[in-house]
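S.K.: Work from the hints to combine the two standalone chains into their complex.
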Amino acid sequence: MVNKINIWYFSSFIISIIVAVPIITVFSSFFETTGGYVSVLKNTFLLDYIYNSLILLTGVLTLTFIIGVGCAYLVSFYKFPGVNFFKWALILSFAVPAYIYAYSLTAFFENYGTAFSILKNLFGDGNYNAHIPKFDGMLGAIISISFSLFGYVYVLTRASFHYQSQNLLELGKNLGFSKQKSFFKIILPSARPAIVAGLSLVAMETLSDFGSVSFFGVSTLTTGIYNAWISFDDLTLANRLSSYLLIFILGLFILENLSRKKAQYHTSSKGGFKSKSVIQLFNYKSILACLFCVVVFFLSFLFPVFQMLYWTIIFPKHLLDLNLIELFSNTMLLVFLSCCVLILLAFISNYGNRVSKSKFLEMLNTFSISGYAIPGIILAVAFITFISWLDLNMINYLGTESIKSIFIGSILGLVLIYFIRFYSLANNGIKSGYLKINYSIDESAYLLGYSKFKTFRNIHLPYLKNSVLLIGILLTIEIIKELPITLIMRPFNFETFATKAYIYASQDLLEAAAAPSLLLILIASCFILITSRYILKD
Amino acid sequence: MKKLILIILTLSFFKSMSLANEVNVFSARHYDSDIQLYNKFTSQTGIKVNVISGKDKSLQKRIIEEGKNSKADLYITADAGKLGLFDSNGMFQNSMSPAIKSAVPSNFRSKNWTGIAKRARIIYYSPERVSANDLNGMTYEALANPKWKGRIVIRQSNNIYNQSLVASLIDNNGKKNTTEWAKNLVANMARDSKGNDRAQILAVAAGEADLAVANTYYYALMLSGSKGTEQQAAAKKVLPFFPNQGDRGTHMNISGGGILKYAPNKDNAIKLLEFLLTKDAQQHIVNNTYEYPMIEGVEPHELIKQMGFNFKQDLKTKVANYGKNQAIALEIMLNAKWK
Chain A
1 MVNKINIWYF
11 SSFIISIIVA
21 VPIITVFSSF
31 FETTGGYVSV
41 LKNTFLLDYI
51 YNSLILLTGV
61 LTLTFIIGVG
71 CAYLVSFYKF
81 PGVNFFKWAL
91 ILSFAVPAYI
101 YAYSLTAFFE
111 NYGTAFSILK
121 NLFGDGNYNA
131 HIPKFDGMLG
141 AIISISFSLF
151 GYVYVLTRAS
161 FHYQSQNLLE
171 LGKNLGFSKQ
181 KSFFKIILPS
191 ARPAIVAGLS
201 LVAMETLSDF
211 GSVSFFGVST
221 LTTGIYNAWI
231 SFDDLTLANR
241 LSSYLLIFIL
251 GLFILENLSR
261 KKAQYHTSSK
271 GGFKSKSVIQ
281 LFNYKSILAC
291 LFCVVVFFLS
301 FLFPVFQMLY
311 WTIIFPKHLL
321 DLNLIELFSN
331 TMLLVFLSCC
341 VLILLAFISN
351 YGNRVSKSKF
361 LEMLNTFSIS
371 GYAIPGIILA
381 VAFITFISWL
391 DLNMINYLGT
401 ESIKSIFIGS
411 ILGLVLIYFI
421 RFYSLANNGI
431 KSGYLKINYS
441 IDESAYLLGY
451 SKFKTFRNIH
461 LPYLKNSVLL
471 IGILLTIEII
481 KELPITLIMR
491 PFNFETFATK
501 AYIYASQDLL
511 EAAAAPSLLL
521 ILIASCFILI
531 TSRYILKD
Chain B
1 MKKLILIILT
11 LSFFKSMSLA
21 NEVNVFSARH
31 YDSDIQLYNK
41 FTSQTGIKVN
51 VISGKDKSLQ
61 KRIIEEGKNS
71 KADLYITADA
81 GKLGLFDSNG
91 MFQNSMSPAI
101 KSAVPSNFRS
111 KNWTGIAKRA
121 RIIYYSPERV
131 SANDLNGMTY
141 EALANPKWKG
151 RIVIRQSNNI
161 YNQSLVASLI
171 DNNGKKNTTE
181 WAKNLVANMA
191 RDSKGNDRAQ
201 ILAVAAGEAD
211 LAVANTYYYA
221 LMLSGSKGTE
231 QQAAAKKVLP
241 FFPNQGDRGT
251 HMNISGGGIL
261 KYAPNKDNAI
271 KLLEFLLTKD
281 AQQHIVNNTY
291 EYPMIEGVEP
301 HELIKQMGFN
311 FKQDLKTKVA
321 NYGKNQAIAL
331 EIMLNAKWK
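One line per chain: the protein sequences are A and B, in this order.
179 is the number that the numbering used here gives to position 179 of the first sequence; each next residue is one higher, with no gaps.
37 is the number that the numbering used here gives to position 37 of the second sequence; each next residue is one higher, with no gaps.
If we strip away everything but chain B, and leave its shape as in the complex, we get (with noise of 0.2 Å):
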């Protein structure tokens, strides 16, 4: 019996061991629907998807401090500043393939990393108190504007999105303008900043406040049903709106990911990457995540089309920057006293 074991001990070892051929995957974005891509990926080329999810800053620390013997190749997280901060940190490898740069734009990707699914943070607003006259050429920056005092609901300071929307305005508007910009939309705050995107657009339903400012897929979501009747017949009650078209664009952010700098199977893990990025791949993500997509010749989700698909992106701040700029925004909202 002893011998049994010890020969079922070994072979499963050393099964472990062989050469499988895979990809692991360090992956801050934790959809069910990315495993099901993985498996189809597995199904189509052979090659094994490892994949463990968990939050940003405690995988890249995994990362930095496992060094060359880390088993990680690809890093997925759903922030461009996260992104360009882990690529500044030098942990980053050429992702770049022929496939991967003609079906990206290069606003979207940079030489370490790529975007795989775009998304937009933008404003919601109930049609019983705010007319479409009031939000006429409606801005970011005119959200600081007095005539919405006690208005406005955002969520925390410490959310990365608000991070990366802050970076951009510090990108476009300088340090100086957008420290004054901070302080009067925290003068506009409806209340303390609390609960997450979703409790923002709910707010207004509620008659908490006018305008809320989150990103567009959580409105898809609630509109879905997934998140029950009640909070489906909410969303209905507060409309979206897309800020900033006479000028530079809707803020936008992306989902990516790019090759570690150590990683064993470089070859697998562009294949992943390009993978992510067919028409398939991508119709399957934006069916069930309510991004809209990096690629031409794909539409998004009817919901997300019905908040109006055609608006003006903004194709100009290159989201490679939001990294840099992510912790001096940080400090702009703190000394704002932003919660």
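The shape of chain A in the complex, shown without the other chains (with noise of 0.2 Å):
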């Protein structure tokens, strides 16, 4: 039990701890008294907020699951025209954010929008304004929620399904199966921790959004959690809303690692890994699924950058006024800085996780995914609360001075802060690439005289190669994305180009928006294009 004990139990510790401040500090409410809100919220929009809030998720879940899975299956096991574009062309979807993809919608379809400019354009004056379909409201929101989030389930789940064996495919056949039910039995089953991942950090996603609901005027809890904050000054009533939005996520979790039980998705190791063979398609079916993609394609990515592209060739001055390098090199420190700190730490967890075996630190680590549940504004907060009881604290007791302005304000502290909001995504992504690795190659390696470390240099580390190019450009596109937390606790004269678009969308400046936004959208497409080879090579 002493060997347990290791630097590895320890480091992997220390980082849940971390992660966990803010879940703690929102916790800490339930010891505080609230304020008069909770009785107007209760006699009002309580229940609808609750109640759209279900709605919002089942129907991006739903929506996410169809087009992430389906394009993953299609793209995997099928040949048809332009199987090979869409491979890499489907995850371009990521460098859209949710906020953008609102703003694109919106201008779009509102009254004497670009939609009635293009009518009008075509078919001269007409009253277009009440036959155009307004997909504002719930339908908006799920819209642009779904396309700009199926991306994780597509991405994992094509990478589960670049692992499925050949073997399991033909022992579908051999069973009689059709391609439906193999489908149904065996494909979509064994590519479950895959799905399962990717779908938890699009709930996460969609139950902590605030401004694409907001901009389409649905209220869900993010809404009374705002409220209570902004509004009403009751910061313990906020905090206590997001706990018991992070204990539904939790138990959602629980749920689904019950029901998983203690089901094994390493892959054999006895046969060998055959690598698939792909079906070719003829006639219809390569039709349709060509169309499918070309439509999720079209409307995922496509669609919001012709928007934002309108607006900046209508209007170029807001482009030209942008200072382009600046934004450029602020966004990529920021990126890259993250990007080492949150892999290096992953690994490390992961392996304490791994070497230990300990049930207490797997619990631990689930409540890593506080970072991504918490709406981002409120996990800001925590975190500065948390700083300033700290830095009151250290003062009091041990002397020291003001630890403050290291922490808030400061590329630290931002870099800490996404550290904890994005730790989840590395962890997990990390931990479905060790999923993989049969335990028995580690004590092989041990066998042999190997220490641990050497093991991970030499064994671990190639095998997850994938992944962390994976994890890499998941993080990259994250953080570029990344506003409501940046917006709060950057250094003065720090814009991003998130930030910026943010600054002209909220003064109803769209159009000046789009120059940021469309700039944001390619350097993200950059990257996806850049490293599409390594993530999906067959």
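Careful, some of the hints might be misleading.
[Claimed, not checked] Capping the alpha-carbon separation at 25 Å, the derived lysine-lysine pairs in BS3-like fashion look like this: (1) A:K134 to B:K149; (2) A:K42 to B:K176; (3) B:K237 to A:K134; (4) B:K339 to A:K134; (5) B:K57 to B:K71.
Quick caveat, the hints were computed from the structure, so don't treat them as lab data.
M.R.: What follows is the structure, given as structure tokens:
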């Protein structure tokens, strides 16, 4: 037992504690008193908020499942015109943040919006406004969030399908399964951890979203959280509502874990890994497959890009006014520092868990999802509150100087919060990579006299290269898009593309927001393209 | 090579530490034209202006938690209620100087902060469906009149400008009357509240409603063409109306700023505030943001003048009072099922 409490265990433990800081701060609200907003909330919109949150969640999960798994399935198992293009093009949807998608959707379909202009240019004057469908409200929110998030499900499912051995498929054939039955009985269940991981990320981002839902005027539980803090100055209630949100998500996780029971998902070492052969599609089937991918690609990427491009071309002044070099270097600095920190610490933590096989550490790790589940602003505020508290105690008991300015309004503080926020992504991504490596490989290595570090470096790393790249790209894109935390924590005179776009959009100058939005999308797209070859190597 | 890097790093470290003559601004107002003004200020006075812009509450929280260590000198935002709330939390210090006092009417400032520019929240109507007679003597209170059933659009209850408007109604008419008013207004809404101010005006232009409530500058923005030709044409279909001309005047709100309690550069902050209230600066602001000037002797943008310049502004209701009624205002709005 003593050798279990080693450096790996300890490091993993420390990391989990840091990530748990906001969740501790948020839950401490249960020990404080709230103001009168609780009763206002209960009497008016609380049930509505909860109902809307559930509808939104269900809608988004369903849509992302269909699109994400559907696309992954088609491009993994079949050959049809354009399949090689769509394999990576579908990931480009990651480059579009949900809030930019929301701007595009609104701008296109609003009264006298882009759709109106197009119709007027094509057909002359007319009362088009009454006939243009308004994708606002719940429908608009579901569509925006789904199209900007389905990428999680797509990428993780695709990676899982990639590793699926031909053996599994031949098993299906031998049992006389039709293609459909094979899909539902063998392929889908075996990709379950990946699909669930993807859907979990989608669920958390959906519940904590405020930008898109507020833009569409949809009032979810997060609206209640914001109202509590912003309008009623009741941070305690805001934290408490966030806690309920977290408990709900944790509950979902536990449910999923229980239903998975002890199923193992690593590939069997017997029989070896046979790369699967793809099936060529013909006639109407190939057209349908192609069409499905075209529609998804258009809606998830081309549509918002065209809207942003349209504005940038009509109002070029906004593009010329931007200080591109400064915005770019600020954004990249944050990306580079954060990715290094996140991947390194996620590795240490994962390896620590693997080596010590401690259930306690596993459980602690689950709390790391709070980074995703708590709305961004609440997370940042919890962090600031904690630093304040820490600072006060350090000054009083240790007589140190104030540490606040080290963490608030500095790059260091920003990177630290990014770490807390995105840790779950890095951790789970590397964990699902590790799930594929049977522990018996580790044991063989130890028998051969390898140290833990050597095992890690010589055996795990090569195996996990793809996972690391994948995680790196996902993290890069998330950080480029990140908004609420960056807004509150950044230093003076420090703007990123995301903050710049927000600043214009908040003044209702969406045409001005188009230029930084477009650049944000382009840069994120470049990262996706550069590494897509590595992610999707067949 | 390593030594060179070390030297460069040390020098740059010291450079940023040098006593730069500066002022640090936390701004919830995000206009590009403000940045241009700050640059002008720097070239005139040599004082560097450091800006961080963001959402009100987040900035406030950061300043409060930073406490004595906060480097923030000036806090600028676009709603009197927010300034008032911040003040009541004891975050400001005396921001007055003789120059500011003489430039700004007492209604639009308090001891610890001052307005910099004004805006009005008015009614827009469709002349095709609403005649001048219908609007004779129209007031905010009359928006609750059943004759407007299903004909009004206004944005959501969480919008700060609506909260300030309702706060001013509470101040003038009392909580009970305003509660009744809110319920009847919600019954008069043409649709569930959604969209921003501009969307309300466009809804009237598109025939979805007959009356909209929105701030003045959005209208001018559309008329200017910077929103595209379609919206420029749409704005022309709608006309502005300044309510309450027969009694206290039209509801006004301000953009303003105050000096923070632990400001490290207080003198520079006062200089910046005074600068923003000079004729040149005011002209620059109103030409770019379509707000009304705070000082005498400056005319607003042509498009704003065309809307009707010499309307009666509500100078009786102190904007400083919006803050303390905003939470009650939201409560009233939510209880009236105002989305």
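S.K.: Provide an ascending list of the numbers of those earlier hints which the structure does not satisfy.
M.R.: none
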